[in-house]
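Chemist: Line by line, the protein sequences give chains G, E and W. The first sequence begins at 138 in the working numbering and counts up by one. The second sequence begins at 2 in the working numbering and counts up by one. The third sequence begins at 931 in the working numbering and counts up by one.
Rather than coming from a laboratory, the hints here were simulated on the basis of the structure. Quick caveat: nothing in here was measured; it's all calculated off a predicted structure. There could be a bad hint or two in this list.
[Stated by the list, open to error] Listed below are the simulated DSSO-like cross-link pairs for lysine-lysine, each with C-alpha atoms no more than 30 Å apart in a straight line:
(1) G:K462 <-> E:K248
(2) E:K307 <-> G:K416
(3) E:K248 <-> G:K337
(4) E:K248 <-> W:K1187
(5) E:K307 <-> E:K222
(6) G:K243 <-> G:K226
(7) W:K1107 <-> G:K226
(8) G:K374 <-> E:K362
(9) W:K1187 <-> G:K152
(10) E:K222 <-> W:K964
(11) W:K1187 <-> G:K187
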Amino acid sequence: MASIESIVRDSQPLKGPHVIEYPFRRSCGPILSEFFGALREGRIVGIRSKTAGVLVPPSEYDPVTAEALDEFVDVGPGGEVVSYSWVSKPRPLQRLDHPFAFALIKLDGADASMLHMVDVGGDESAIQVGMRVAPRWSAERKGHIADIEAFVAEADAVAAPPVLSGEDKPVRAIRTPLRLEYDFTAGREQTIFLRGLAHKMILGARRPGDDLVYVPPRGADPRTAEPTSEIVEVSDKGTVVTYSIVRVPSENIDLELPYVCINVLLDGSNLPFFHVLQKCELDEVRLGMRVQAQWVPDAELSASVTSIAFFAPIDEPDVPYEDFKEYC
Amino acid sequence: MAELCAVIGVGQTNFDANRIDVSMPGLLREAALRALEDAELTWADIDAVVVGKAPDMFEGMMLPENYLADALGATGKPLLRVHTAGSVGGSTANVAMSLVSAGLHERVLTISFEKQSESNAMWALTLSPPFSVSVVAGAGGFFAPLVRTYMHRSGAPEDTGIRVALKDRLNALKNPYAHLKMPDISYEMIRDSMMLWDPIRYLESCPSSDGACAMILSNEKLAERTPRKPAWVHGSSMRSEPVQFAKRDAVNPMSGRMAAQDLYSQAGIKDPRKEIDCIECYVPFSWFEPMWMETMGFADEGEGWKLTLDGTTALDGSRPVNMSGGVLSSNAIGASGMCRYAEAANQVRGEAGEHQVAGAKKALGHAYGGGSQYFAMALFGAEKP
Amino acid sequence: MRDVAIISFAQSNIEDDIRSEVEILQPVAAEAVKQSGMARTDIGFTCSGSSDWLQGQPFAFVMALDAVGSWPPIKESHVEQDGAWALYEAWVKIQTGEVESALVYSFGKTSPGDITQVQALQTDPYCVTPLWPDLDSITGLQARACLESGVVTETQMAEVASRSMRDAMNNPHAVRKADRSPEDLLGEPYRVSPLRDHDCPANSDGATVMVIASAELAREHSRRPVWIRGFDHRIDPPALGVRDLTQLPSAATAAEKAGVAKDKIDFAEVTAPYSHQEVLLRNALGLSDDLKVNESGGSLAAHTLMSCGLNRIGDAAMRIAAGNGDRAVAHAGQGPCLQQNLVVVLEGE
């Protein structure tokens, strides 16, 4: 049987993968719409500004005066490398899987350079500042900056192949998917809380000398910022101090609708937290009702909040509102 | 002695679920250019820019204000970026006001925005780290239990929320910029709309919008020369408290009460119920109107709902609330707080169009955010303080 | 302008800190408050700086509030910028006369993600982010532009790195320290040519906390207050292809407005996450070639993103407070290739 002491001692913080992923959709507005539409056709357009000459990609406004711009100019497709960084080990999100360069390229007819990639077949010695380059067009162009796969030595470039899709509607929006992976660290007190759950123990923390117990522990008493270094165990039974019935789907929530989201104040804790109530008719949920954590089968217990499957009503009399009104 | 500060230009975008016709810089410029036009100024007249928005994850950008700097004419100028959760539109303006009152700048552009159609707010707000489970479904999931507590505490009639929503949705019909306009809106429609986060119904909830709101602030000297009437800042306040702590009152938070008291004391207001003509406050779910009426001292505790039921808060009532249609009608999260300020300022300028409160001399703008823990407020007057 | 002084400062920088952000920040805040001699509840304003992308969680700053205490409710604000801009907002707040003191903090936990790649999110979301240039590659474009134009040499870059890592040996908060000659460093392979590992920031997890106060309070609570004599910040356009990357006009303007050149400077602390940027900053801020810069080791020794700028200001202030100089320049920079720059001039009594 685990003790608080053994859990606190064994508190090498937990780490776990955390992924943020979303296919962002960006509306382009009139100027970028023209730019992306041209890329789809295998052309590059810039825009004339007073203070910085011809800008590529075109901007809706002057970079210094913010005045609106509207005079498109055809540029490129050839140009010159102004500066570059050599990526010897491409990262997973990057579009080429062999060594390449990110480069600032000044296209013919442009004054400002644009950032893109230069592919010289992985040979760093083949690139230098001043080198002439031209686009290697993607065959499946859809109105996106990646319609240019990369710039290549001008001698190796070929004219843009015709668009396969034959699409000619204005490019009103583009997709820019994002996927970032993190190695999340739970921290000291949360690790203790989570390790307790693996043993069906609910652990909270309090400031030494104080009687208010925080579940889950937060690392500090939010009122005073003093550390909550004293770990205490609380009951897995508690009282519903308030609740809502959720009938709307949410992207990161797998629960079947509708479900009851309760603020539960565990016996021995002074901070209600959100969880799910099940095994209860919707019209029977009420303030003050007594509930208990229902644990997943022992074999599935882990250092995770998922060790508590849900809360369920128990056969105990309701707690009068007066007794918990400070907590809701 | 601090400089006086005034709002001399106001601009906002047309709000919509999806402003597919504009880029993100284009959205901000729509609001900023309208504010400049209102003040009859150009980009070159602005000394500093203060940008606000809620989490960067909504647009999938990190420090987006850096990318937006030249779109806002900030090249070579100071640019600050505020983020205080949902209250950010208010607190951003407060920071901009402090640049003027400190005497550092004569004219400041402040702007806040959200382009929520680039992603999905429910996604961004329910991201959970490992070892945890998401059970709180977005902002509604967080605030619905507080509404239930308020209903329990106050014993308010169950249709209070429906009545607030009806009033705000009718007001929105008079606001050319509002996102949700429902000409056939009725009590029954709201009552019969789906419960999303019981006790909050669909039509008692704010939409998810794209939009931006901008204001031009200036010092006293320049405000006196401005072509349209300025709105004088009589006070601005901010308070924060922890999102959770033992025995916290999240329904009538101390931070909200303190921010209001601080505001009244700065503005020399002894009785807000008598001295303030109209209020534009952050009500993302209809029940928050009675809750904030109590927090800000317009009603005694447990009695805020009476102001809705007796018509005090209606556009033709004795102290109208959310004349523009409020957050229930347009909610580009980062912009929402500043829209409240902009409406309050326009009321005392006499520039509120069809939703103008006749003779409004003092108007309060209010924003809140996080778990009802961040508050920003400002009081605008038709006359100098 | 009202006289405002830095009266205390504390920091933590660890290469891979296993604690939560609140657990990292809490002891640092407690130390700064204690050193200030003021009660937490007597401090008039609180302002912080952070970014949600570091840990990949929205509202990181909301939780962080637990680490500084906010009950009874406090006057508080947050910038999604480096903590140096939070300091600016707090300084402005004192200038308005509304408050007399402020707690300023920032924190960053860069170890959970690929922070170099994450910073691609700071670029043009339509035409640049979709190509996913990492910050090393983005900054390499600037470095090569400087090398090509002769503004910087590879030897100078190695000298900056060598000196920074050597100076860092005296800094308990540095995470990258070494005694290596420039010649030795030039023998290292490139990470992202023209940048080698030691030319790039020493990413770390940490927090910085500072207390500032108006003149009367500062004199009451500090034996040697460090006065903020000049304070300004400016921004350049974002598009790298529009900027002359070998110049930092916004840094130069900020330095001029802050009054850097008005008197003799004893030393400087600048935010130069990449070695060549120290040279660019010397040029832009008008610092002489022999001026002592970044005795802390700077970002090449410890770089807690969102906190490093405030860290530089704090490091400079502490050196003045200790009597090691009377007038210093501190700089914070953020955005790709130092797009946005902030300059503070600090003086002892």
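Chemist: Confirm or reject each hint.
Modeler: For each hint, the structure was consulted:
1. This hinted pair checks out: K462 (chain G) and K248 (chain E) have alpha carbons roughly 9 Å apart, not beyond 30 Å.
2. The hinted pair formed by K307 (chain E) and K416 (chain G) fails the criterion: a straight-line CA distance of about 37 Å is larger than 30 Å.
3. Proximity of K248 (chain E) to K337 (chain G) is assessed by CA-CA distance (about 26 Å); at most 30 Å being required, the pair is judged to hold.
4. As the CA atoms of K248 (chain E) and K1187 (chain W) are separated by approximately 49 Å, the hinted pair breaks the 30 Å bound.
5. For the hint pairing K307 (chain E) with K222 (chain E), the CA-to-CA distance comes to about 43 Å; that exceeds 30 Å, so the pair is violated.
6. Taken as a hint, the K243 (chain G) and K226 (chain G) pair is honoured in the structure, with Cα atoms around 25 Å apart against an allowance of 30 Å.
7. At roughly 25 Å between alpha-carbon atoms, K1107 (chain W) and K226 (chain G) fall within 30 Å of each other, so this suggested pair holds.
8. Under the criterion of a C-alpha separation no larger than 30 Å, the hint pairing K374 (chain G) with K362 (chain E) is inconsistent with the structure, at around 55 Å.
9. Between K1187 (chain W) and K152 (chain G), the direct Cα distance comes to roughly 47 Å. Violation of the 30 Å bound is thereby established for this hinted pair.
10. Of the supplied pair hints, the one linking K222 (chain E) and K964 (chain W) is violated, its CA atoms being roughly 43 Å apart against a limit of 30 Å.
11. About 27 Å separates the Cα atoms of K1187 (chain W) and K187 (chain G), which keeps this hinted pair within 30 Å; it holds.
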